[in-house]
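From just these sequences and the hints, can you work out the full model?
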Amino acid sequence: MKVTIKSWTGVATWRWVANDDNCGICRMPFDSCCPDCKLPGDDCPLVWGACSHCFHIHCIVKWLHSQPQQQCPMCRQDWKFNNK
Amino acid sequence: MSNKSIDLKLYWNKINYAFPILNDTIFSDCTGSEYDEVQQIITGMGIQVKIRDLILIHIEKYLRQHVAPSFWSKFVKVDEEVKGFQLFKSAVNDLYESVSNFSEMLRRLSILNSSCCDNKPIFGEKDVILGFKQLIRATLLSQLPLDYHVIINHFYKISFNVFDNEYESSDMGEDVMCSGCWNEYSDCNCAYIVKVFHDTNRKLMDLQLLERLTGQVLTNFIQLRIETHIQKLCDGTFDVSHISFLENWLDTTVMSWLTRIYCGGSSKPPPDDKNTQNAILQFKKKLSYYLYHSYTKLRIEQLFNIIIEYPESQPAVDDIKMCLDKTDLRLTLCKRLQSALETRLLHPGVNTTDILTAYVSTIRALRHLDPSGVILETVTKPVRSYLRNREDTVRSVVSSLTEEGASSELAEELAKFAAEADGENEKEDAWDEWNPDPVDADPKVNSNDRKANDIISMLVNVYGSKELFVNEYRTLLADRLLAQSVINTEKEIRYLELLKLKFGESQLHFCEVMLKDISDSKRINALIQQEKNFEAASKNFSSNAMILSAQFWPPFKDENLELPEEIKQHFEAYTKSYEALKGNRTLSWKPHLGYVNIKIENGSKNLDLIVSPFNATLIMHFQNKPEWTLDELHQVMKVPITVLRRKITYWQSTGLISEKCTDTYVLVDGSDENKSNTTTNQVQEMICEDDETESVMASAHDQREGELQVFWSYIVGMLTNLDSLPLDRIHQMLKMFASQAPGTECSLQELRQFLDTKVRTHQLVLQGGMYKLPKT
Numbered sequence: 001m002k003v004t005i006k007s008w009t010g011v012a013t014w015r016w017v018a019n020d021d022n023c024g025i026c027r028m029p030f031d032s033c034c035p036d037c038k039l040p041g042d043d044c045p046l047v048w049g050a051c052s053h054c055f056h057i058h059c060i061v062k063w064l065h066s067q068p069q070q071q072c073p074m075c076r077q078d079w080k081f082n083n084k
Numbered sequence: 001m002s003n004k005s006i007d008l009k010l011y012w013n014k015i016n017y018a019f020p021i022l023n024d025t026i027f028s029d030c031t032g033s034e035y036d037e038v039q040q041i042i043t044g045m046g047i048q049v050k051i052r053d054l055i056l057i058h059i060e061k062y063l064r065q066h067v068a069p070s071f072w073s074k075f076v077k078v079d080e081e082v083k084g085f086q087l088f089k090s091a092v093n094d095l096y097e098s099v100s101n102f103s104e105m106l107r108r109l110s111i112l113n114s115s116c117c118d119n120k121p122i123f124g125e126k127d128v129i130l131g132f133k134q135l136i137r138a139t140l141l142s143q144l145p146l147d148y149h150v151i152i153n154h155f156y157k158i159s160f161n162v163f164d165n166e167y168e169s170s171d172m173g174e175d176v177m178c179s180g181c182w183n184e185y186s187d188c189n190c191a192y193i194v195k196v197f198h199d200t201n202r203k204l205m206d207l208q209l210l211e212r213l214t215g216q217v218l219t220n221f222i223q224l225r226i227e228t229h230i231q232k233l234c235d236g237t238f239d240v241s242h243i244s245f246l247e248n249w250l251d252t253t254v255m256s257w258l259t260r261i262y263c264g265g266s267s268k269p270p271p272d273d274k275n276t277q278n279a280i281l282q283f284k285k286k287l288s289y290y291l292y293h294s295y296t297k298l299r300i301e302q303l304f305n306i307i308i309e310y311p312e313s314q315p316a317v318d319d320i321k322m323c324l325d326k327t328d329l330r331l332t333l334c335k336r337l338q339s340a341l342e343t344r345l346l347h348p349g350v351n352t353t354d355i356l357t358a359y360v361s362t363i364r365a366l367r368h369l370d371p372s373g374v375i376l377e378t379v380t381k382p383v384r385s386y387l388r389n390r391e392d393t394v395r396s397v398v399s400s401l402t403e404e405g406a407s408s409e410l411a412e413e414l415a416k417f418a419a420e421a422d423g424e425n426e427k428e429d430a431w432d433e434w435n436p437d438p439v440d441a442d443p444k445v446n447s448n449d450r451k452a453n454d455i456i457s458m459l460v461n462v463y464g465s466k467e468l469f470v471n472e473y474r475t476l477l478a479d480r481l482l483a484q485s486v487i488n489t490e491k492e493i494r495y496l497e498l499l500k501l502k503f504g505e506s507q508l509h510f511c512e513v514m515l516k517d518i519s520d521s522k523r524i525n526a527l528i529q530q531e532k533n534f535e536a537a538s539k540n541f542s543s544n545a546m547i548l549s550a551q552f553w554p555p556f557k558d559e560n561l562e563l564p565e566e567i568k569q570h571f572e573a574y575t576k577s578y579e580a581l582k583g584n585r586t587l588s589w590k591p592h593l594g595y596v597n598i599k600i601e602n603g604s605k606n607l608d609l610i611v612s613p614f615n616a617t618l619i620m621h622f623q624n625k626p627e628w629t630l631d632e633l634h635q636v637m638k639v640p641i642t643v644l645r646r647k648i649t650y651w652q653s654t655g656l657i658s659e660k661c662t663d664t665y666v667l668v669d670g671s672d673e674n675k676s677n678t679t680t681n682q683v684q685e686m687i688c689e690d691d692e693t694e695s696v697m698a699s700a701h702d703q704r705e706g707e708l709q710v711f712w713s714y715i716v717g718m719l720t721n722l723d724s725l726p727l728d729r730i731h732q733m734l735k736m737f738a739s740q741a742p743g744t745e746c747s748l749q750e751l752r753q754f755l756d757t758k759v760r761t762h763q764l765v766l767q768g769g770m771y772k773l774p775k776t
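Chains as they are written, first to last, in the UniProt record's numbering: chain U, 1 to 84; chain S, 1 to 776.
Just so you know, not all the hints are guaranteed correct.
Some residues of chain S that are not near chain U, with every Cβ distance over 12 Å (derived) [claimed, not checked]:
| # | residue |
| --- | --- |
| 1 | Leu8 |
| 2 | Ile57 |
| 3 | Ser70 |
| 4 | Lys83 |
| 5 | Asp118 |
| 6 | Lys232 |
| 7 | Gln277 |
| 8 | Phe304 |
| 9 | Met322 |
| 10 | Asp669 |
| 11 | Ser713 |
With a straight-line cut-off of 27 Å between C-alpha atoms, the simulated DSSO-like cross-links for lysine-lysine are [what the hints assert, rightly or not]:
| # | chain 1 | residue 1 | chain 2 | residue 2 |
| --- | --- | --- | --- | --- |
| 12 | S | Lys466 | S | Lys735 |
| 13 | S | Lys126 | S | Lys232 |
| 14 | S | Lys286 | U | Lys6 |
| 15 | S | Lys582 | U | Lys38 |
| 16 | S | Lys232 | S | Lys157 |
| 17 | U | Lys38 | U | Lys62 |
| 18 | S | Lys516 | U | Lys38 |
| 19 | S | Lys466 | U | Lys38 |
| 20 | S | Lys120 | S | Lys50 |
| 21 | U | Lys6 | S | Lys625 |
| 22 | S | Lys77 | S | Lys195 |
| 23 | S | Lys625 | U | Lys2 |
| 24 | U | Lys80 | S | Lys286 |
| 25 | U | Lys6 | S | Lys576 |
| 26 | S | Lys157 | S | Lys120 |
| 27 | S | Lys568 | U | Lys6 |
| 28 | S | Lys286 | S | Lys157 |
| 29 | U | Lys2 | S | Lys286 |
| 30 | S | Lys557 | S | Lys466 |
| 31 | S | Lys274 | S | Lys232 |
| 32 | S | Lys83 | S | Lys120 |
| 33 | U | Lys38 | S | Lys491 |
| 34 | U | Lys38 | S | Lys500 |
| 35 | S | Lys522 | U | Lys2 |
| 36 | S | Lys61 | S | Lys203 |
| 37 | S | Lys582 | U | Lys62 |
| 38 | S | Lys120 | S | Lys232 |
| 39 | U | Lys6 | S | Lys522 |
| 40 | U | Lys6 | S | Lys638 |
No wet-lab data here; the hints were simulated from the structure.
Glycine included, C-beta positions come from ideal geometry on N, C-alpha and C.
Dropping the structure here:
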């Protein structure tokens with residue numbers, strides 16, 4: 001007997017490779033989106049800081065706008081985007 | 001002295017001659033001038049009053065002893081209608097004749113009476129003639145026999161037949177029999193019957209006996225006729241309105257017949273006779289009420305069928321609507337329809353979809369019948385509570401909502417709702433059309449709510465909350481998206497938009513993401529296919545992936561499956577390409593989900609199949625080694641043996657694998673002609689689909705269990721502090737502390753079930769109705 005696979009359609013779920021599950025600002029899962037967004041993933045990406053903490057981009061931008069100093073909300077170090 | 005007594009004798013003879021009734025006979029040839037003489041004798045002696053009273057006593061005796069018995073002797077119970085007809089006719093004729101024989105005597109009596117001048121009424125009347133008639137009626141009715149109505153009934157039946165026939169003469173055509181009198185046309189009796197009929201009625205009217213004697217019989221008879229007529233007319237047809245036709249029939253046939261009875265043959269009541277007009281009018285009112293009443297009753301009995309055929313049966317519903325205003329049958333309608341629904345719909349033998357279809361047409365029909373919605377609310381109460389108990393209700397509703405095709409009324413309804421939502425205009429101007437709620441309305445419900453509910457929200461309300469509904473839709477959508485090889489995303493998006501209008505944006509946000517996942521996956525697939533690294537790995541077969549946002553999909557059933565090595569490598573390559581494409585993101589595969597298109601060549605047999613990954617893996621193992629035990633398969637596939645045993649039947653049913661001995665399976669060699677029973681066809685192309693259509697999503701029950709798990713830590717905390725608690729205390733405390741978050745309401749029933757599962761797994765102890773933590 002010979003079995004030939006013509007095509008295989010698999011199912012997978014995507015997730016962010018991050019050191020935490022939830023965004024420290026909005027407390028939503030990273031794989032979900034920030035409260036202002038509707039669609040996860042490309043439309044609501046994550047950003048990493050130099051301090052290695054990561055957040056939804058919309059959350060951290062909003063945070064930085066509301067603060068006099070540009071600090072990471074988790075560790076109070078100066079916030080720098082890590083463009084890795 | 002003797003002279004005087006001779007005179008008296010002479011006088012007495014003369015008086016007897018003028019009033020033969022004193023000797024109990026009627027006939028006398030006393031002339032007017034002769035009577036003048038007698039009258040003078042009586043007045044001369046001053047005995048007018050005595051003579052008059054004597055005569056009256058004799059008349060009364062005569063009527064009682066002769067006239068009445070001979071009249072009633074004709075009223076016997078006969079079965080033949082014609083005989084009854086003749087009997088009644090002769091009875092009335094004889095009576096009339098004997099009464100008219102009195103007329104001469106009565107005339108003399110009235111002269112006598114006028115000379116009495118004591119103003120004493122004669123049987124309640126001033127006039128002698130009227131008093132006499134009164135006396136006849138009284139005497140006759142005092143001797144009324146038991147079965148007097150039989151021949152009266154026969155009489156009117158025959159005459160009505162003739163009459164009815166006259167009005168419906170259009171279809172007489174080729175009948176040999178006259179349908180009026182059931183004789184052959186050559187000696188049709190109709191004309192004679194009509195003549196006799198009118199004659200008899202006139203006589204009865206003259207005697208003022210018509211109403212007394214025939215009123216009850218006539219009413220009964222006509223009511224019977226109305227009933228049979230309605231039955232004949234409305235049997236099983238709902239698409240024509242009968243009410244105007246019936247009204248017309250009552251007006252023309254029945255009423256003109258009655259008019260003729262009352263007016264002795266003429267079709268119009270005499271304009272100056274108020275009594276007759278009134279009598280006819282009263283009769284008509286009674287009969288029209290009866291007509292509406294019996295028609296509505298009949299329709300109410302058929303209402304279930306009318307509802308099932310609803311849009312076609314609208315005329316019938318219109319009729320009922322009109323008649324309900326004229327009769328007092330609202331309550332009967334509710335009761336009868338409710339019990340009809342219960343006996344015909346609400347039992348385990350009926351499919352949920354059928355119940356739903358019936359429910360939808362009930363809503364539509366009753367909406368039309370009673371715009372206030374009260375009847376609907378009352379009648380469908382048991383349907384709703386029954387549907388609530390059926391497990392697949394939500395599923396059926398959701399699938400019929402999204403179903404395409406002619407049968408999906410709900411999908412239409414959804415589209416209609418969307419159209420209405422656009423053009424909705426304020427109805428504030430209609431304040432002057434306001435009506436109070438009917439008396440049987442539930443005062444707790446706002447009448448506006450009742451009216452505003454459309455069909456879909458009524459269906460959704462069956463199940464309590466929108467949320468449950470939306471969840472079910474999400475599960476269904478997920479199943480459909482994963483199972484379909486060709487996904488019509490546009491169609492799904494269209495439905496989603498319609499549903500959004502109905503349920504609100506936020507509820508269906510998840511579904512939107514799901515649909516976007518699918519369309520994104522297509523794009524990502526296309527991108528990855530182009531990539532060089534991946535192309536090398538995917539030489540042998542094409543592969544696709546559906547990449548899902550796990551947070552937005554309903555939880556998947558957790559199943560394990562070890563895929564064949566080459567597939568795993570393939571997926572790894574895919575993951576690598578994905579990671580390269582989308583920085584910082586990776587994939588976790590659900591090996592048991594998806595579908596595989598495979599081709600199997602087994603000797604002379606060729607199979608082209610779409611199967612689940614599980615089945616594909618299974619058959620691929622048999623490719624390498626023709627004989628496997630379940631244990632071995634369990635080792636390589638990491639699937640529980642029970643599941644393996646269940647699922648391997650798929651391949652057994654295609655004839656590729658057979659069970660050699662218990663738990664050992666072998667490949668059936670297609671080239672071996674003895675074993676293969678399909679060898680007659682050299683090449684048999686079979687395309688069969690994987691027969692597994694069960695949902696890949698975790699069931700609602702499992703999900704709920706997961707949600708309740710949230711409470712567990714609270715419960716443990718409670719029981720640690722308070723040692724032991726009864727069920728309702730736990731429930732109360734949970735309500736107080738734990739159910740702030742939306743979607744975590746928990747009924748007492750659910751909590752009991754949840755706690756019972758905990759007792760079964762020994763995490764709790766139930767002692768005398770109190771829950772306790774087990775001592776460790």
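Discussion item. Check the hint pairing Lys274 (chain S) with Lys232 (chain S) against an upper bound of 27 Å on the C-alpha distance.
Written reply: Violated - the C-alpha atoms of Lys232 (chain S) and Lys274 (chain S) are around 36 Å apart, more than 27 Å.
Worksheet item: CA of Lys522 (chain S) to CA of Lys2 (chain U), is that 27 Å or under?
Response: 30 Å, violated
Worksheet item: Does Ser70 (chain S) sit more than 12 Å from chain U, CB to CB?
Response: 102 Å, holds
Worksheet item: Are the Cα positions of Lys120 (chain S) and Lys50 (chain S) separated by 27 Å at most?
Response: 12 Å, holds
Practice prompt. Take the C-alpha atoms of Lys286 (chain S) and Lys157 (chain S), compute the straight-line distance between them, and say whether it is at most 27 Å.
Written response: 20 Å, holds
Practice prompt. Given the hint that Lys6 (chain U) pairs with Lys625 (chain S), test it: the Cα-Cα distance must not exceed 27 Å.
Written response: 21 Å, holds
Worksheet item: Taking 27 Å as the top limit, are the C-alpha atoms of Lys466 (chain S) and Lys735 (chain S) close enough?
Response: 22 Å, holds
Practice prompt. Determine whether the non-interface label on Ser713 (chain S) survives the test: each CB of chain U must be over 12 Å from its CB.
Written response: Given a closest Cβ separation of 19 Å, the condition holds.
Fill in: Hint consistency between Lys83 (chain S) and Lys120 (chain S) [alpha-carbon to alpha-carbon, up to 27 Å]
Violated: Lys83 (chain S) and Lys120 (chain S) sit about 45 Å apart, past 27 Å.
Discussion item. Confirm or reject: Lys83 (chain S) is not an interface residue toward chain U, with every Cβ-Cβ distance exceeding 12 Å.
Written reply: 90 Å, holds
Item to complete: Could you grab the alpha-carbon distance between Lys6 (chain U) and Lys522 (chain S) and see if it respects the 27 Å cut-off?
Response: 18 Å, holds
Worksheet item: Given the hinted pair Lys38 (chain U) and Lys62 (chain U), is their alpha-carbon gap at most 27 Å?
Response: 17 Å, holds
In this structure, the hints that do not hold are numbers 10, 13, 14, 24, 26, 29, 31, 32, 35 and 38, in rising order.
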